[in-house]
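Visitor: First to last, the protein sequences are chains L and V.
Residue 468, in my numbering, is where the first sequence stops; the numbers in between run on with no holes.
Residue 468, in my numbering, is where the second sequence stops; the numbers in between run on with no holes.
By construction, these hints were calculated from the structure, which means they are not laboratory data.
Keep in mind the model is a prediction, meaning the values are calculated, not measured.
Quick reminder that beta carbons are idealized off the backbone N, C-alpha and C, glycines included.
Check the hints yourself; a few may be wrong.
[Said to hold, decoys possible] Chain V residues, not near chain L, derived (Cβ > 10 angstroms throughout):
no., residue
1, E61
2, T62
3, A75
4, D88
5, D97
6, D124
7, R166
8, L194
9, R278
10, L285
11, E330
12, Q352
13, I366
14, I441
15, W465
[Claimed, not checked] Between beta-carbon pairs, the in silico distance windows are:
no., chain 1, residue 1, chain 2, residue 2, range
16, V, N186, L, G161, 25 to 33 angstroms
17, L, L380, V, E110, 34 to 42 angstroms
18, V, L435, L, A31, 24 to 32 angstroms
19, L, R302, V, L399, 43 to 51 angstroms
20, L, A46, V, A303, 33 to 41 angstroms
21, V, E110, L, E220, 39 to 47 angstroms
22, V, E151, L, L380, 54 to 62 angstroms
Number of protein chains: 2
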Amino acid sequence: MTAPPDSALETRRLGLDPALARAVAESLDLGAAEDAVARVLTLTPTDAARLIETLAPHERQALVEAARGRLDPEILSELDEDVRDEVVDLLGPARTGRALAELDTDDAVEVIQGLDEDVQEEVLEAVPAAARADLEESLSYPEDSAGRLMQHGFVAVRESQTVGETIDFLRTARDLPNEFYDLFVLDAERRPVNTVALSRLVRSQRAVRIAEIVEPKAEFATVPAETDQEEVAHLFRRRDLVSAPVVDAVGRMIGVITVDDVVEVIEEEREEDIMRLGGMAETDLNRSVIETTRARFAWLFVNLLTAVLASAVIGLFEQSIEKIVALAVLMPICASMGGNAGTQSLTVVVRGLAMGQISTLNAVRILAKETLVGSVNGALFAVIAGTVAGLWFQDWGLGFVLGAAMVTNLVAAGLAGTLIPLGFHFLKIDPAISSVVFLTTVTDVVGFFAFLGLASWVLL
Amino acid sequence: MTAPPDSALETRRLGLDPALARAVAESLDLGAAEDAVARVLTLTPTDAARLIETLAPHERQALVEAARGRLDPEILSELDEDVRDEVVDLLGPARTGRALAELDTDDAVEVIQGLDEDVQEEVLEAVPAAARADLEESLSYPEDSAGRLMQHGFVAVRESQTVGETIDFLRTARDLPNEFYDLFVLDAERRPVNTVALSRLVRSQRAVRIAEIVEPKAEFATVPAETDQEEVAHLFRRRDLVSAPVVDAVGRMIGVITVDDVVEVIEEEREEDIMRLGGMAETDLNRSVIETTRARFAWLFVNLLTAVLASAVIGLFEQSIEKIVALAVLMPICASMGGNAGTQSLTVVVRGLAMGQISTLNAVRILAKETLVGSVNGALFAVIAGTVAGLWFQDWGLGFVLGAAMVTNLVAAGLAGTLIPLGFHFLKIDPAISSVVFLTTVTDVVGFFAFLGLASWVLL
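Same shape as in the complex, but just chain L (with noise of 0.2 angstroms):
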């Protein structure tokens, strides 16, 4: 990667060249799948996975059957699940077990754990038994646990040895891991008791024992296997961690996570966050129509109660509304405003809480702030909307009434954008997946109250 013309970035950002895409697609296209099986082979495994995801389904599938046996295993790690599903279907058991066992136990978990519990003996008992072992231990551990992410070769040394006889031990040793960047200090029972980085022991001289070049301790962590995913990213982000020690439940050490296995959870977290405040479980950007159309259904379900709950409140004030139609055409007008600002509320508790910024000591404030700023907000545009109203319907009443439902709604939409993933939070349900409905709710309910209520009141 040399200093990049202007159109390089998009093809970095992308991790391929969409020219090449184009062209591996026309080869499959035309019948031509041998060359572009060529042309794939030379890319990147996480630049072959893009490629593959992009492509039609029937051009997918002649490049797998075409190239049968030759892509890199890695490449199914680095896949989309809904693409990765259906190439494992093209593969088969047989051919995907073969391919696991030469993946990294994480990376191998991380295809099977996604694929439908028949399929997954299938392809297990397709995969040789020694890393079958492997794979089976740590699928034991329950989903988005450490157990499921860490590798299980690792390396280990005694306090007592010398930097000396680590490194020919080092020299000599078979079956270390591929890479690694620290050596974990085991005592007696195999519990890791210390880390030692790679940088230190190669700046030591030989005669240096390992305990005098072990890290503070009080930068040591364990991780049960049992962690959920996330809690090993904020240990991983605390400590400016790039690999901890995995232990099992009587605190042996099993196995070890690296940094890149914390930077797909990021990843994976941040893609959840934002699906869920979308209103969707996961990115269904690769999945069929009837799936995704079902999927997410159920949201749009949901939020057709509250439409209809908004609606029975408009019903209360027909009357009013016959009378005085203007009330009808500005109505939405407060609801709006009050669905905005509450997302806004919503989103920075929302993100505080994921980043443990939030916690009891500060929860209060940070409640009487958003009431706060919805109420000022609210005084700005109950002024800014009431002179709209105003003028437009030549009804100073009018706007007075718009104007003070706006303040209304606004105190309520900062409110209910702080209580609500509060609540959730206490409850222990993730604030992100349901507060966005539960926030409309109140601000339509609130909005259309206030407004038609104090209209009627008194205007009529």
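Since the structure of chain L is provided, determine the placement of chain V on it from the hints.
Guide: Just chain V, lined up with the frame of chain L:
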């Protein structure tokens, strides 16, 4: 960290013990600032930063004043930007400058780039000359660029060296970075040409030449200092890097980016995406009421224009509403469903663009899919909502109109939810910023127009 009881989860997550945080706040309130300082000194820098953020401003002031000079400078780089401004104010430029000199360049740059320009200069003047030169070089690169993320210290080797010579050099060299994971092979012009992983170095015999243990060329990448940090994060993810060399305009190595910087970038970008989708430029959790109000006002003002536009559409049909007041009751349903369905499409597309999963190759396929999903869900909700409306008002014509408007608006939502972010991406504008407001404009206008227009045509 041993296997934690359930309540310890919260502790680990927040990065600090809530009881400890409360004790610190109480000590400060009671004037026992020395006790508070003593407790804070036991924490890691990240934990201390989280605690300082959760304190009330007057408590923060008491703590910083009592602690002067004793707090770990790293806390500064871990603080939220708004709280950091406050603390830097309390410390004054001279003290801040001395603290920055103790940090790695990348951390010091993070602190200094967030300060107001005049404060920035005062602080820089207080940094000792040697460290200042490095800081000024980093600051000469654009904000959010690789040049600002990099550390200046790195370990360079030549291909002709042996492993033994390299280790001997590392054992005697001064001024090495605290932690490093790769050695960089430079050519005669100091251009990086390859890397050697430390784990590879320690496993090789002393007589082996560096040239024999370098990483495969295909995996090697250099980062020009002007590269945007998001591109850097993509590169690290695509190649599972732990460090990468940063080069100047002529390709000479000037620093190194490590994976912990990248983890921070990913967190930042995640925050940015979430905030922008929620209608804010950045998080304002720790910002004052006045500044928060001002920052959020702009977005709400744009939303007001949208809402007034929607009202204008309703205004076109005043006469119809006067005749059939049920139209006013039902009209928010169609607009609200469109807004939510559109947000689903939009979220998936914005995320897919950010992750490089959408290109010219599959954009049309995704548009077709989103439109189809909109049609199918539109048809389903047409039946449901139409039935509800028909039963409610005992008017099947009204139910039919609502259903027809629902299909129309959900198809429009799928189209707009895909085309709006694709359009922004094509214009090189971040699609997360303003897609939502454009989308709701479309779904409100189409929703009200389709429902009220059809009603006027069919029912009157």
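Visitor: How does the Cβ-Cβ distance of L435 of chain V and A31 of chain L compare with 24 to 32 angstroms: does it lie in that range?
Guide: Given about 27 angstroms between the Cβ atoms, the range holds.
Visitor: Is it true that L380 of chain L and E110 of chain V lie within 34 to 42 angstroms of each other by Cβ?
Guide: Holds, since L380 of chain L and E110 of chain V (Cβ atoms, about 39 angstroms apart) stay within the stated range.
Visitor: Verify this label for me: L285 of chain V is non-interface relative to chain L, using a Cβ-Cβ cutoff of 10 angstroms.
Guide: Given a closest Cβ separation of 7 angstroms, the condition is violated.
Visitor: Does R278 of chain V clear chain L by more than 10 angstroms, comparing its Cβ with all Cβ atoms of that chain?
Guide: violated (4 angstroms)
Visitor: Regarding the assertion that E61 of chain V does not contact chain L, is the least Cβ-Cβ distance greater than 10 angstroms?
Guide: Given that some Cβ of chain L is not farther than 10 angstroms from that of E61 of chain V, nearest at about 6 angstroms, it is violated.
Visitor: In this structure, is the beta-carbon distance linking E110 of chain V and E220 of chain L contained in 39 to 47 angstroms?
Guide: This hint is violated: roughly 24 angstroms between Cβ atoms.
Visitor: Is 25 to 33 angstroms respected by the C-beta to C-beta distance linking N186 of chain V and G161 of chain L?
Guide: Given a distance of about 26 angstroms, which is inside 25 to 33 angstroms, the answer is holds.
Visitor: Please verify that the nearest CB of chain L lies beyond 10 angstroms from L194 of chain V's CB.
Guide: holds (16 angstroms)
Visitor: Is it correct that the beta-carbon of I441 of chain V has no partner in chain L closer than or equal to 10 angstroms?
Guide: Since the minimum Cβ distance to chain L is about 14 angstroms, I441 of chain V lies beyond 10 angstroms and the statement holds.
Visitor: Verify this label for me: D88 of chain V is non-interface relative to chain L, using a Cβ-Cβ cutoff of 10 angstroms.
Guide: Incorrect as stated: the minimum Cβ-Cβ distance to chain L is 7 angstroms, not above 10 angstroms.
Visitor: Over 10 angstroms to the closest beta carbon of chain L is the bar; see if D97 of chain V clears it.
Guide: holds (20 angstroms)
Visitor: Taking 10 angstroms as the cut and beta carbons as the points, is D124 of chain V off the interface with chain L?
Guide: Answer for D124 of chain V: holds, closest chain L Cβ roughly 23 angstroms.
Of the numbered hints stated above, those contradicted by the structure are hints 1, 2, 4, 9, 10, 11, 12, 13, 19, 20, 21, 22, listed in ascending order.
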